[in-house]
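**Student:** Listed below are the residues making up each chain.
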Amino acid sequence: MNKPSLVMGAVAYAPKVVTIWEGFKAAFAKQGLAFDYMLYSNYEAQVEAQFDGTIHLAWNSPLAWVRAERIARSRGLTVEAVAMRNTDCDLRSLIVVRADSPLKSAADLRGKTLGVGAIDSPQATLIPLHHLRQAGLVGGRDFTVRRFDVLCGKHGDHIGGERDAAVALLAGEVDACCMIDGNHLAFGLDGTLPAGSTRALETTEPYDHCNFTVSPGAPAAEVARFTQMLLAMRWDDPEMRPLMYLEGVRQWKPGRVSGYPQLETAVDEAAFYGPDGRILDADYRY
Amino acid sequence: MPTIDIEDLGLDEGALFLIRRALADLQTGETLTVRGRAPNWERHLDSWRRHEGHAMATRATPDGVTEVVLTRGPWAEDRWRGALATGQSQLEPGDLPAAEADAAWGLAARGATVEAGSPPIGFSLSTRDEIWAATAGELYRQAAAGQWDPQTAIDWDAPFDLPPVIEAAVAQVMTYLVENENAALIVPARHLGQVHPHYREVQQALALQCADEARHIEVFTRRLGLRGHAPMLSTAGGQASLHSLLRAPDFSTAAFLLSVLGEGSFINLLNFLHEHAPDPVTRQICRLAARDEARHVAFGMAHLEHRLAAQPGYLIRLQSAIEQRHEELTPTAGLNEEVFDALVLLAAGELTPPAVARGHLAVQRLKADMAAGRKARLLRLGFLSDEAQRLSDLHTRNFM
Ligand SMILES: [Fe+2]
Ligand SMILES: [Fe+2]
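From first to last, the protein sequence lines are chains A and B.
Numbers 1 to 286, taken from this note's numbering, label the letters of the first sequence in order.
Numbers 287 to 686, taken from this note's numbering, label the letters of the second sequence in order.
One thing to keep in mind: the hints can contain errors.
Unchecked claim - Stretch-level coverage of chain B by chain A, calculated; a stretch enters the list once three of its residues show a Cβ under 8 Å from a Cβ in chain A:
1) 293 to 301
2) 326 to 336
Stated by the list, open to error - SDA-like, lysine to any residue: derived pairs with alpha carbons at most 20 Å apart:
3) A:253 - B:357
4) A:30 - A:256
5) A:30 - B:324
6) A:104 - B:324
7) A:253 - B:338
8) A:104 - B:323
9) A:253 - B:341
As the list claims (entries may be wrong) - Computed, partial: chain B to chain A, Cβ under 7 Å:
10) 339
11) 361
12) 364
13) 402
14) 476
15) 668
The set of hints was computed from the structure by calculation and includes no laboratory data.
Since the structure is predicted, the reported quantities are computational estimates derived from the model, not experimental observations.
All residues carry an ideal CB built from backbone N, CA and C; glycine is no exception.
The shape of chain A in the complex, shown without the other chains (with noise of 0.2 Å):
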């Protein structure tokens, strides 16, 4: 390949990103479609790329989906989602005691210390701690918050964060704790948490995950072939079903912005990005 007509951003949260990316860039490539991606560490480097001309979309957590659109309002531009997975849509996130915990509702959480994932994490922090506002809970001022902050600036896609906090509800350090459903019952069947030892206390409002991010004057014929191919996509392809296991997905479908309104205001509250998308957490660090 010369010169890429789309480049795309991605989060080297693990290393099968670069699995995941080398193998869709053959498959697009094969497509007639000289499609490249750039990793970066962090989210928050990835936004910013798609405002100074580098990246002509991005694979975004909902936090950077949330990012990226406050800095483009705020320029008077526009950011689009083009394209997400089916397992990115109406996840809810759980507020998990101990089986025998005399915890029986958000408000006896009063007094008591809750554990929660990375900073940046929408459904081990953001979205947990609006859910409890919602509930006149306030963290920090109603209850302890105890981060267990692992890879910042991922936006919680690393699992660390949230299995650190589920050992440390079992072992009696936290009274409670947050993650994503299908970590709980992801944990349940690893034997992290046995099965039985824990239940819900609270459940979120469903919301949705990750999205295909266009940046502002991201070249359109380019674009509408890449989500076109990433729609066509289809999990009986034996070369496209490995990666597409890797990335959790059965089918792309085509981008949404309705699920996240929660974390819009997840993000105000905690005064984690301003109006302008500039970041106002001092203690985020990535």
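Assemble the complex: chain A is given as a structure, and chain B with the ligands must be docked to it using the hints.
**Tutor:** Same frame as chain A, but now just chain B with the ligands:
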């Protein structure tokens, strides 16, 4: 609409298994109702079905139980589209495995359905006629039944006491036998890892052939040192002869040179030692080893009979293999004098002229038996009488 009740079983306690099985009976778009009452089971089911691509709706029944209706998504069966059939697991007499084994079948059990996109695994022996033997399965079963334990099958404590000169002759013969067994182990072992697992019976027969040779190395080594004797001499000529077996260009040629000619002659030698050995331990181990070798020869013969039936022109390749090996080995001395003398001494029993004459005659008879056996096997493979005689005579003087 099918309904299953997982009762109070959690999805992380096995309920997922019940749900998956119930869904497997449905076509894409059909629905399954699931009832349950374990804590968080609907949340777990929601996250699981989202990942698997099944649609889900929740409803409360009049009796206060939550019901979930799952609609089967298309992806589970999509995965098996284009899957590969890999032949027939059990072969009846007269059945053949596939003519070519596909690299994409990989390590799957023969007869399994292999998911498309499984990694191809390259086995250099993946063509039936290059390795197959009709009796491979039967020979494997015989070999499995015929395995013996060196510790218990041999009476290592049997009393005997040999004059030092005789014990030294035994040690020299054992030294020679071990070096031959090393070649007999390494040649099939090198092929074993290259055989496509589709040809299971060949793989199994070769594996036990290797096990047999490992055992022979064990018992000959143990007899060698049984009375404290150190290993003796290994000659350049002997090793050159064995080395040429390691360099055979393909499986069939290796089977021909090693098994049909070499191990065939080796049986004559083991029978000779069974008859003339001066002690009961040597006699026992040679008898048991000869029994194993007979299977190796039978496998080599069965393979070549298959190959020549499929490819009659291959006979000329076998002929040139013998000739070429003979050319290569001409500058070497063949069987070393030390081994030859040791065999004469074992058959003689003592160093007197009449005894040595007997021993010498016995070794001449051994060589004649070996040549006759080789010729008979060459005739069976389809060589004409004169040619079989000539080729038998070109065989290495090292016996193997
Ligand atoms: Fe042997
Ligand atoms: Fe053998």
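**Student:** When the hints from earlier in the document are held up against this structure, which numbers fail?
**Tutor:** Hints 4, 5, 14 and 15 not satisfied by this model.
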